[in-house]
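Listed here are the chains, written in short residue letters.
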Amino acid sequence: MSAINKIKSTLENGSSPEEHSKEGRIRSYLRSDFIRSMPFWLPPTLLMGLFVYGGIFWNFVISLTDFSGVVRPEYALSNFDFEMYTRMLGDPSFHAAARNTILLLVVFTLLCLLVGLLLAILVDNLLKWQSILRTVFLLPFALSFVVTGVFWQWMYNPEIGTINTMFNLLGLDALALNWLGNPSLRLGAVMFALIWQYGGYAMIIYLASLRTIPQEHYEAAKVDGAGFFVTYWKVIIPQLSSASVSIAVVIMVFSLKAFAWLYTVFGSNPGPAADILGVMMYRVAFSANQWAYGAAIGSVLFVGTVMIVTPYLYYQYKRGEL
Amino acid sequence: MANLTFDEVTKKFRDGNSEIVAVEELSMEINDGEFLVIVGPSGCGKTTSLRMVAGLETITEGDLRIEGRSIKGRSPQERNAAMVFQSYALYPHMSVRENMSFGLKQSTDLSSDEIRKRVDEIGDVLDIPELLDRKPDDLSGGQQQRVALGRAIVRDPDVFLMDEPLSNLDAKLRADMRTELQRLQEELGVTTIYVTHDQTEAMTMSDRIAIMNNGKLQQIGTPMECYYEPNNIFVGGFIGEPSMNFINCSRDAQTLSTDDFDYEISESTAMELESATNIVLGIRPEDVVVVPEPTEPNDIAVEVDVVEPFGKENNLYLIPRDRESNEAVIGTVNGRTRVESGDTVGMRFPEEHIHLFDGNSGVALRHPVAEQEELTPFVG
Amino acid sequence: MANLTFDEVTKKFRDGNSEIVAVEELSMEINDGEFLVIVGPSGCGKTTSLRMVAGLETITEGDLRIEGRSIKGRSPQERNAAMVFQSYALYPHMSVRENMSFGLKQSTDLSSDEIRKRVDEIGDVLDIPELLDRKPDDLSGGQQQRVALGRAIVRDPDVFLMDEPLSNLDAKLRADMRTELQRLQEELGVTTIYVTHDQTEAMTMSDRIAIMNNGKLQQIGTPMECYYEPNNIFVGGFIGEPSMNFINCSRDAQTLSTDDFDYEISESTAMELESATNIVLGIRPEDVVVVPEPTEPNDIAVEVDVVEPFGKENNLYLIPRDRESNEAVIGTVNGRTRVESGDTVGMRFPEEHIHLFDGNSGVALRHPVAEQEELTPFVG
Amino acid sequence: MKLTTTVKNAVGWNDTDLNERFEQVQRKHVIATILTVALAVFWVSPLWGGITTAFKTQSAFISTLPLTPPTVDQVTLNAWAVAWETLSPTLWNSLIFTIPAMVFSAVLGSFAAYGLSMVNWRGQVALMTAFILAIFLPKQGILLPLSRFWNTVDLEGILTSLGYFSLPFADPSHTNLIILIITHSAYGISIATLLFRGYYLTLNHDIVEAARIDGAGIYAIYRHIILPLSYPMFMVVFIFQFTQIYNEFLYALILIGGSDPSAGAPVTLALAELNSGFSQNWNNQMAGAFITAIPTLIVYIAFGEQFAKGVEY
Amino acid sequence: GGDSNTSSGDDGSDGNDGSSGDGGSSDGDDGSSDGDDGTTTLELQHWWTDGGGAIGMEELQEGFTEKYPNIEINDNPVAGGGGTNLQAVIRQKVLEGDPPSTWQDWPGANLQDYVDAGALKDISYIFEGEIEENYGDGALLSARAGDEENPYVAMPLNIHRVNNVFWDIASVEEAGVDMTSIGDPREYVEVLEQLDGELDIAPLGLSMAVPWTILQLWNANLVGLHGVEAYEGFQNGDDVTSEVEEALEVTQTQMGFATEDASSVGSDAARLKLPQGDAVSLMEGDWAAGNLFAAENYEYGDDWGHAPYPGTDGVYTINTDGFPYPKPNPTPDATDKWMEWVGSAEAQRRFCQPKGAIPCRTDVDMSEFSELLQNQADDYQSGTGILTLAHGDGVTPQQGTSLKNAMARFRDQGNVQATAQSLMDAMTL
Ligand SMILES: Nc1ncnc2c1ncn2[C@@H]1O[C@H](COP(=O)(O)OP(=O)(O)OP(=O)(O)O)[C@@H](O)[C@H]1O
Ligand SMILES: Nc1ncnc2c1ncn2[C@@H]1O[C@H](COP(=O)(O)OP(=O)(O)OP(=O)(O)O)[C@@H](O)[C@H]1O
Ligand SMILES: [Mg+2]
Ligand SMILES: [Mg+2]
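Protein chains in written order, with the numbering used here: chain A, 1 to 322; chain B, 1 to 380; chain C, 1 to 380; chain D, 1 to 313; chain E, 1 to 429.
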């Protein structure tokens, strides 16, 4: 049983009803931790509920109307339909954006974990400069997309950009590609830049998690005859799975923020190769004044993300940590 | 299976600017198939010695040889030593079978089938065939311990290295595992170095005990040698539970005097002491004879301060009468003995059972008369 | 300071759909100022019993009374019990002084000055005045243990509750703290319930021992009662180290027979057994008499399988000759005894020292003849 | 040769006992050091490009590569001056709402995590799920409802009727800033709750029980035990939230609707002023980017260690 | 479509009348606040925070406050995203019924949604007379939200010409090409080929990171190849498939001549390719001249040249900036005055000269303007004005978004037929 359940049951049992009379029950109910802990969880719940779920619900209602232009919609049941959702089905822009969004949520998250892990392993094996290099990798995390978007526009410049300059210097001219221009590379380039920005976060959590693995496991593997790579691959990395899950959740949140990066670099029109639902929603609503359609995209995005996160929640629930 | 030689092995750690000498000029020979226990207080360098054999620490000076061939500089993989860690260090994400197979996969060319067969065999030996598909987290402490052993055994190593493998178990289980480990080692006949700070483990399990203190070897010998003929005060105090009683005396010819009493020794004993005047008298609690009242010349009148009952025996904390001293002499009496805190009794140190040490160097000057008794019933 | 009554206390946990009965109809009375040790194997309900007293668990059935007044339904704050946790549970962010003051601040109206004075006092009692301004993380295990004690003592509670407070310490320190705890409790005279699974602690520290198994109380009594007059096989086996030997016998009149040997009992003993035919003979290792060879009628010829040397004594694992059986009888002999694995010797169970239990219910039918001996020297 | 020396210094070799060291400092450390340093150089290169640009004259910018540092006659502080002039009035606004919002979201998140970890009731799992899902809210999707909401709630009127504006420090811009504080707090709660909850799961529950026995109630336990022990996680959440809120653009854009500093506009809106469409002045923009990033960079460099420690739980 | 637009426009103007009554009453409020401290605050939002626009804006405000000292201007810019940020803000505010006094926007069809919502006031009373007479037709059309049927709802301030070609004289001379005599976009393509063959640098500077520049190029090609009729046909939703496709094909070919980094540079970086010597020619709006003028040692006429985009001589593709008049209006009097000021020759002179655009009015003294702008002004007065598709003047927000979206697809996927179809579909939205 997890520690938390123990805490729960202690606190719960500590003053749950023991008296059997009605009066006593009410009294002890009022004294129960459920009631007494209310001041702790109720205000944040209300605030979060109002803004987040109120907003989501409102957004959903808008998606049922025909709201466009700059005339406020009439919220009447008779106006409600799912037209915007059917429209989505036939919209090639939506298909492209949905595909890219899923790719970003899944592939970017995985890559980010991978890079974070590699960085963590490297930093963990340093004898010196650990803390300074750790800070270096974490620095981009502090910056806003408005800034990093511009940086990467330069980095990717096929002529004067750092990336291609580097490849040319290394004699790998074949790899000096048109990163943002070539539609088939664009999304990958976006992910790479995002990894640069968020890899440090993954690294820092992985580092923390690596520290919890007893030194004996490395030594046992060594004595067992495993080399450096086998030790990590077979012994260490599998033990990081729960850290990976929790990093993945946060990284997925970040991947939704790719909106700001794309918006900085491509405006509201990254093209089908890199369009994502967040950008499309903004474009549709705030450039084309098609609020209802934008709202519908927003609802789909939220539900879709939730579906991707559900396995995580279930995993947490199974482990009794929800 | 091999013999192992420590040749003046020294290990220094750099700690900032200072140097820590963890092991100092350790020399000993461990015979093929022997079960050697290294014992000593915390920080005395036991683990470090073991890890040098495993190849997890480098050797600063001296040499280590297996079957006469130096293993200095070889990587752990090349040493064919198997290690059991105090924390077990089982890989939590692998099943028991995978844990046990891992070393074989990494360091041998055996086919999966052979590995499977071997693991099954060892599983049988250790009586854990039904656990093979579980994860370590689903096992009890004792079962984990067994798996950790299995992981070492399965590799059929030249040397077993065990670092306090039983210290995470509770008393009962520890006693069981002790016997089992011993039986297994005998069966397999693999040269074994076993590290512990628990002298009971050292006594009961080992062929020979190596006692270390402050990085230095104090004594190496069979349990009985170490118990009955400790080289010095340290060994005398460390081996045996409860500890040997030590009494500081000044000697004048055949008289050992303390503030509380005088103790006359025989001439032959006195001769063994040569010219030493600063003497520590050592006597084990079970050798202290408690009598209803002092009758013989050397008997001392004492008060029973505390009675610690263990069932079969009681430990009496005896304080010389009319003394404020808190330094009690512990004497063991039969568990059925009617004696209570506050009683006044006599305490006797039979001369044939006393140890005498040089008070300055701590070196043993005289051991009890070596007497191996014929079978006599135990009168606890 | 108060007496404490368990009145048919039952605790059930819901675990999914099934129910776990952690404690079943536990009734006992703990006297004012008494030191009661609850002992039993893992999972027997010791901790649960303690936590019910603390108010950390509710009581499913039955009642708990302090000084005759039910404390059921009262919150922990209202019970005036202090608890020492196995993990110490010191507040890591508070200094030792703050740790000790916290309870007083929360549950009394004492002024800061009074609290300070009281903490200083207790600091002196525990000999930790110089630690008061340190943080727990800067203390050694033993010091932390002392602070945890201090935190409990300072509140001057009606009851002390301690859940395996020494199990995180190493053997030597544990032995020291044992004595100290006992001394303190005697000094303060606070009713104390102490939970452990270590029978040595139970024996040496307690006024009385309560032995639990499977949620049920097996026996409550002084250490000597529990050791010499165990109520049943469980208690007999649990108390004492090494454990009592048990031998299943079938009885025909005055003869107890096993596959290996017959054992004749006296008429008077036979009468105590009444009609029971399925008998378990129990004898403690130190009561087993090992003789060079069988001479008397009840003597059994055995082979020494293993010799476990402890220094002052050896445990011999004795196997009836010509038998494949692995079930050895353990006999303790003097440490100086010359005996080796493989020797053939005789084993004798003196009738005055045997326990006889009903083979079906496990209940004790006959205890050894109660004999408290006068002081005799210990011949280990 | 030079490389070896560098590496030797890096891994702490000195020339004596080199052989011994070579065994101890294994190859993997050397390789790790080389790789990590190379990656680190790559990692900072975009930032480096930004810095060099910010110090270059416009013509130097046109004629040189971003990563080459400016020569003496190409250096100018002009861009910094321009950027500072544009941004400085709004930097303060940013801090005024970022810090309270960071504190509120962290405190409320810690409240929620405590309240939801320490009690057991039927709806608890559902509520926790709701908190976690809330993290995934696409924020572009609720801009419209959000601005509707704040237009319906007449905060200015409320503040006026509360007499807020007669306070000495009050400023009309505070209406907007308070709107931002509340909004960011509300949206930050969910991630803060998640982070705190993960941390509270690792706390030794014996401590809580000890406090109960010591006579502490739910509030006292939070106040005296949980809160002080949450320090490392507060550092993490603070840093996390500071970055997220400070760098946020969309909410401020829609809720404040202009980069007028006296209306409470944050620095992110003002930064956009340096990038106004048809002709972009990179030098100013880069200088602006760095000025904007100063607070977050300070936070990371000063508290990065705490962040790293805090996430170890 | 047009009909219902018109009728809703009528409705709008009905409401307009009603709310000008409202305006009157709030006017009264204003008056009372006038009485209090004698000043009114005009809230002005725009995105000119940098470069020539910022200087022009300063001039504009300065002139206004000189003229109306008791009207204070609350200068509240929303920069970034080439105006999209401001537009997002304004739409929110209009939806909330809480617009600023006025704001910078592209007049023309871009305002159609506001007109439909009745959110803009009929300001014919300001236009009638002097302003109407002196404004060019294109500017007046954009003031009517791009639709002759609408009343005047916005005051255009300046005009940019979108159909231009710029070139680097040294390079062109090296290649032996005459940029001024190119007849149409196809010939331009041949010129590009020739440049490509002769020179090491890219023939064309073009930004493809954002789709509006491609849309702008295509727009120019359509007019250059098929004249104003094709443009009008396209705008009216006629079937001009073959014309659209041909223009797309040409555009696609041209994109092939762009600099290698076209897809990752913004429009400003693309313009700088000329002074940097990385590209020979450039199809851009005349705002690009601002960048070229700004480059050191790079002089108009000596180092770089300008001409109308091939085939569009005599056509003036208009991109205006202006100020819509929202209702309800927080400061009707002050906004009236602002509108009058913006419509004045003085204001347009002060603004347009630093901005690098020509005035909407034809009676502004151009003597201090650059030679290039003087030429442009002449062309504006003599040529046919059409509203640009790449910005807001000629298309509604919906149409504009769809056109750009189609172009972004075109850039990535290069499918001429599909793009033509989406482009034409967009215009029927
Ligand atoms: N990596 C290291 N760096 C510096 N000093 C070390 C290192 N490892 C051990 N030491 C020091 O060497 C000495 C011996 O340590 P070692 O671990 O061998 O003791 P031990 O006998 O195993 O003790 P324990 O019973 O506590 O495990 C100690 O003083 C310890 O502090
Ligand atoms: N909160 C709980 N929920 C369900 N079952 C529980 C809970 N707490 C204890 N139990 C069960 O009740 C029984 C008694 O547990 P308890 O902790 O009292 O044992 P214990 O004697 O203290 O054991 P140990 O020596 O291992 O500490 C066990 O079977 C345990 O699994
Ligand atoms: Mg050790
Ligand atoms: Mg327990």
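Derived from the structure by calculation, the hints contain no laboratory data. Since the structure is predicted, the reported quantities are computational estimates derived from the model, not experimental observations. The reader is advised that the hints may include incorrect statements.
Stated by the list, open to error - A short list of chain A residues far from chain B (calculated; beta carbon distances all over 12 Å):
1) PRO39
2) ASN79
3) PRO92
4) HIS95
5) ILE132
6) TYR218
7) VAL223
8) ILE236
9) ILE308
10) TYR314
Stated by the list, open to error - Covered stretches of chain D, as calculated for chain E (at least 3 residues, CB under 8 Å):
11) 195-202
12) 259-269
13) 294-301
Here a beta-carbon is modelled for each residue, glycine too, at the ideal position from N, C-alpha and C.
- Which hints from the list above does the structure break, by number from lowest to highest? As far as the earlier hints go, 6, 7, 8, 11 and 13 are violated by this structure, in ascending order.
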